[in-house]
Amino acid sequence: MNIVIFGATSAIAQAVARLYAKDGANFFLVARKGDRLNTVASDLRARGAQCVTTQTADLTDRAGHAQLVALTASTLGTIDRVLLAYGTLGDQRAGETNSALMEREIHTNFLSVASLLTELANVMEPVGAGNIAVIGSVAGDRGRQSNYIYGSAKAGLAAFTLGLRHRLAPRGVSVTLVKPGFVDTPMTEAIAKRGPLWAAPDRVARDIRRGLDHGVAVIYTPWFWRWIMLIVCAVPDAIFRRIRL
Amino acid sequence: MTARPMGDLHERHDYLAWGGLHRFRQRIARPFFIDELPPILAARGNQSLLGSGCRRSYGDSGLNADNILIDMRGLDHLLAFDPTNGIVEAEAGLTLANILALARLSQNGAGQWFLPATPGTKFVTLGGAIANDVHGKNHHAAGCFGNHVLSLRLMRSDGTVLTCSPQENAELFKATIGGLGLTGLILSARFALKNVPGLWMEQENIRFATLDEFYVLAEKSYGWEYTVAWVDCFAPRQQLGRGVFTRARHVAAPANKRSNAPASKQLLTIPAALPNFILNTTTMKAFNTYLWYRASTKPTAEIVPFEKVLYPLDSIAHWNRIYGRRGFFQHQCVVPTAYAKEAMRSLLTEIRSAGLGSFLAVLKTFGDRPSPGMLSFPMEGTTLALDFPNTGAPTLALLDRLDDICTNAGGRVYAAKDGRIPARKFQQGYPAWKEFLPHVDPAFSSSFWRRVSAVSETGKAA
Chain H
128 MNIVIFGATS
138 AIAQAVARLY
148 AKDGANFFLV
158 ARKGDRLNTV
168 ASDLRARGAQ
178 CVTTQTADLT
188 DRAGHAQLVA
198 LTASTLGTID
208 RVLLAYGTLG
218 DQRAGETNSA
228 LMEREIHTNF
238 LSVASLLTEL
248 ANVMEPVGAG
258 NIAVIGSVAG
268 DRGRQSNYIY
278 GSAKAGLAAF
288 TLGLRHRLAP
298 RGVSVTLVKP
308 GFVDTPMTEA
318 IAKRGPLWAA
328 PDRVARDIRR
338 GLDHGVAVIY
348 TPWFWRWIML
358 IVCAVPDAIF
368 RRIRL
Chain E
638 MTARPMGDLH
648 ERHDYLAWGG
658 LHRFRQRIAR
668 PFFIDELPPI
678 LAARGNQSLL
688 GSGCRRSYGD
698 SGLNADNILI
708 DMRGLDHLLA
718 FDPTNGIVEA
728 EAGLTLANIL
738 ALARLSQNGA
748 GQWFLPATPG
758 TKFVTLGGAI
768 ANDVHGKNHH
778 AAGCFGNHVL
788 SLRLMRSDGT
798 VLTCSPQENA
808 ELFKATIGGL
818 GLTGLILSAR
828 FALKNVPGLW
838 MEQENIRFAT
848 LDEFYVLAEK
858 SYGWEYTVAW
868 VDCFAPRQQL
878 GRGVFTRARH
888 VAAPANKRSN
898 APASKQLLTI
908 PAALPNFILN
918 TTTMKAFNTY
928 LWYRASTKPT
938 AEIVPFEKVL
948 YPLDSIAHWN
958 RIYGRRGFFQ
968 HQCVVPTAYA
978 KEAMRSLLTE
988 IRSAGLGSFL
998 AVLKTFGDRP
1008 SPGMLSFPME
1018 GTTLALDFPN
1028 TGAPTLALLD
1038 RLDDICTNAG
1048 GRVYAAKDGR
1058 IPARKFQQGY
1068 PAWKEFLPHV
1078 DPAFSSSFWR
1088 RVSAVSETGK
1098 AA
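Those sequence lines, one after another, are chains H and E.
The numbering of the first sequence is my numbering, which starts it at 128 and goes up by one.
The numbering of the second sequence is my numbering, which starts it at 638 and goes up by one.
Looking at chain H on its own, in the form it has when it is part of the complex (with noise of 0.2 Å):
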């Protein structure tokens, strides 16, 4: 099996690629940090990975995003899955007073993202095979004082990765949306993890495994998100607006 990952450091993605790993699945892996890729990139060929191909990007940065695709394509064949699993978690109060920075994260989090998709949408709709999962975010749901910024990014990302799921969905290409509730990551690393909500990445992992192989429309990881997350969004707004969330 052939596997694209797009900020393939991270600790969510480093989780799913141990899982395809075991099973000798080939990787692409890209992401910012060379040395870091490598580590991984070890990691994964230790682990039963048969063939590991790394590539530093700078995922934000649109112009490359054609190029890097086709390098992609060219490397493995044919694309099996594709992981879209880069983003910044910012600080939603200095973005409240600094509009470059909320366009900053908005940038990062949706519009690049939605460029990275185009272009592989473009290259894989002809093949009329493959799963993609795009990691978006339970705060993308409802707008929240505490993070709307980020949480906006991901509403956006949410009706791209649906919208597009529905374009491709006659070609044979599925795309799946995974909305992670609290993670145990190093994004998360500045917030104090405390109580049942945070889950560990292999947990999550296990999850985005399984509804990517599937081709699931949307996963809520771990499962008690889209509950918790149904009774966010049903809270009439005359309530909604007294609490802080």
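Derived from the structure by calculation, the hints contain no laboratory data.
Even for Gly, the Cβ is constructed at its ideal location relative to N, Cα and C.
The reader is advised that the hints may include incorrect statements.
Beyond 12 Å from chain H on every Cβ pair, some chain E residues (computed) [stated by the list, open to error]: (1) 679; (2) 841; (3) 886; (4) 888; (5) 924; (6) 1030.
List time: in silico DSS-like cross-link candidates among lysine-lysine, alpha-carbon distance up to 30 Å [what the hints assert, rightly or not]: (7) E/935 - E/857; (8) H/149 - E/831; (9) E/831 - E/894; (10) E/935 - E/978; (11) H/149 - E/945; (12) E/894 - H/149; (13) E/831 - E/945; (14) E/857 - E/831; (15) H/149 - H/160.
Just a few of them, taken from the derived set where beta-carbon distance is under 7 Å, the chain H residues facing chain E [unchecked claim]: (16) 163; (17) 166; (18) 169; (19) 170; (20) 173; (21) 313.
Given chain H, put chain E in place with the hints provided.
This is chain E only, laid out in the frame that chain H set:
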């Protein structure tokens, strides 16, 4: 790709050791890649550093009160694994459980790769296994974990990274194996797995009525790779030292079983600390008496998955919470062969007369393979591991007397289990500590080390 600033530290109060006795305020760094370490070293200010893993050490040897812990569990990458010769190179945060899962997948023609030495839990990191030079039920056959380490990479607080092995930086290698994390930060290590016929074990349980019988069994079982005994600390005086001797060896999967031993399941999780009164002298006595009478008077033999022999307690997650919020003490000592039998008798008599009992007492003979580290715990002789609910002063007084019996017989106490031994007794038990001192990184320390390395004004240990 994260926006996280590098080298950031978070103050935490919930980084406890397994015994739950020491509640310290510590600043925690949690790196996930090696390149995050230099910013952490730079951010330390005047605080000392200590690498941290799964925190399965019982006392304060893995803690650094009011200073910095570097939680290494995020550095869990395998760097190389050669299924033809079983040599693994991995970052220090990888756990032995991870390594077992990997070895499970790799048949090596004739058999299976397996850990060369393992402590009684698989939930320890590679770095922790080296820093404590852990031993297991096969010590008499295989020595310590450090005996199987081919090389390691150590980061010193000045940022230099040194490769240490028996050939290269040999003295620093000897200081780092069993060096309690004080010589710097262990980044990664290469070690050799061993070849076993399968993931099943042939196990025999044999009841013994006295300490003398234990020694006869230990002698007779030398050819068995794994040996250990449970001892009933509540036995009547005339049956002092009664218990059950277990010996085991690796075997291929029996014909009626699947080739791979089934992955161990978590049978139970203790969700929160139980009330303190759950473990009292009466319940502990009842439990130990039950274990004694449950054991068959005739030796029994069976084929079981290796986890049942090596990791019986791993099937209960957070079993330490059984002791309640007060926490518990472990005490493990070793006494050299010449004085071992007499010392074990004195230890068991002392525990008996104190009336505090030990929930689980474990007895084992160590072999003659020299330990590789300057501060390695094992020596040829007998080791006794005990645990006591923390009842305050009476428990501390008993532990003090146990220390005396052991050190007066030329023995010593295991740092990984300790949280209170005074400097004098530590230094008496580990005469090589002076040889070890120059290898300690000036920016690394631990709560344990500050206590046991203290020297009074007269030049004698405090």
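Hints versus structure:
The beta carbon of residue 679 of chain E is kept farther than 12 Å from every beta carbon of chain H, the shortest such distance being approximately 18 Å. For residue 841 of chain E, the shortest C-beta to C-beta distance to chain H comes to about 35 Å, beyond the 12 Å cut-off, and the non-interface label holds. With a cut of 12 Å on Cβ distances, residue 886 of chain E stays outside the contact zone with chain H, its closest approach being about 29 Å. With a minimum CB-CB distance of about 26 Å to chain H, residue 888 of chain E clears the 12 Å threshold, and the non-interface call stands.
With a minimum CB-CB distance of about 31 Å to chain H, residue 924 of chain E clears the 12 Å threshold, and the non-interface call stands. No beta-carbon of chain H comes within 12 Å of the beta-carbon of residue 1030 of chain E; the shortest separation is about 33 Å. A hinted pair counts as satisfied when its Cα atoms are at most 30 Å apart, and residue 935 of chain E with residue 857 of chain E qualifies at roughly 16 Å. The straight-line distance between the Cα atoms of residue 149 of chain H and residue 831 of chain E is roughly 21 Å, inside the 30 Å bound, and the hint therefore holds.
Our distance criterion of 30 Å between C-alpha atoms is met by residue 831 of chain E and residue 894 of chain E, whose separation comes to about 23 Å. Of the pairs offered as hints, the one joining residue 935 of chain E and residue 978 of chain E holds, with about 25 Å between alpha carbons and a cut-off of 30 Å not exceeded. At most 30 Å may separate the alpha-carbon atoms for a hinted pair to count; residue 149 of chain H and residue 945 of chain E meet this at roughly 25 Å. Of the supplied pair hints, the one linking residue 894 of chain E and residue 149 of chain H holds, its CA atoms being roughly 23 Å apart against a limit of 30 Å.
Annotation: proposed proximity of residue 831 of chain E to residue 945 of chain E holds, straight-line Cα distance about 19 Å (limit 30 Å). Between residue 857 of chain E and residue 831 of chain E the CA atoms are separated by roughly 24 Å; this keeps the pair inside 30 Å, and the hint holds. Proximity of residue 149 of chain H to residue 160 of chain H is assessed by CA-CA distance (about 24 Å); at most 30 Å being required, the pair is judged to hold. At a threshold of 7 Å, the smallest CB-CB gap from residue 163 of chain H to chain E is about 5 Å, leaving the interface hint in force.
Restraint check, residue 166 of chain H versus chain E: the minimum CB separation of about 5 Å is within 7 Å; hint holds. Satisfaction of the interface hint for residue 169 of chain H is found here, the shortest Cβ-Cβ separation to chain E being roughly 5 Å, below the 7 Å cut-off. A hinted interface residue such as residue 170 of chain H counts as satisfied when its beta carbon comes closer than 7 Å to some beta carbon of chain E; here the least separation is about 4 Å, so the hint holds. Interface restraint check: residue 173 of chain H against chain E, minimum CB-CB distance 4 Å, threshold 7 Å, status holds.
Interface hint status for residue 313 of chain H: upheld, as the beta-carbon distance to the closest one in chain E is roughly 5 Å, under 7 Å.
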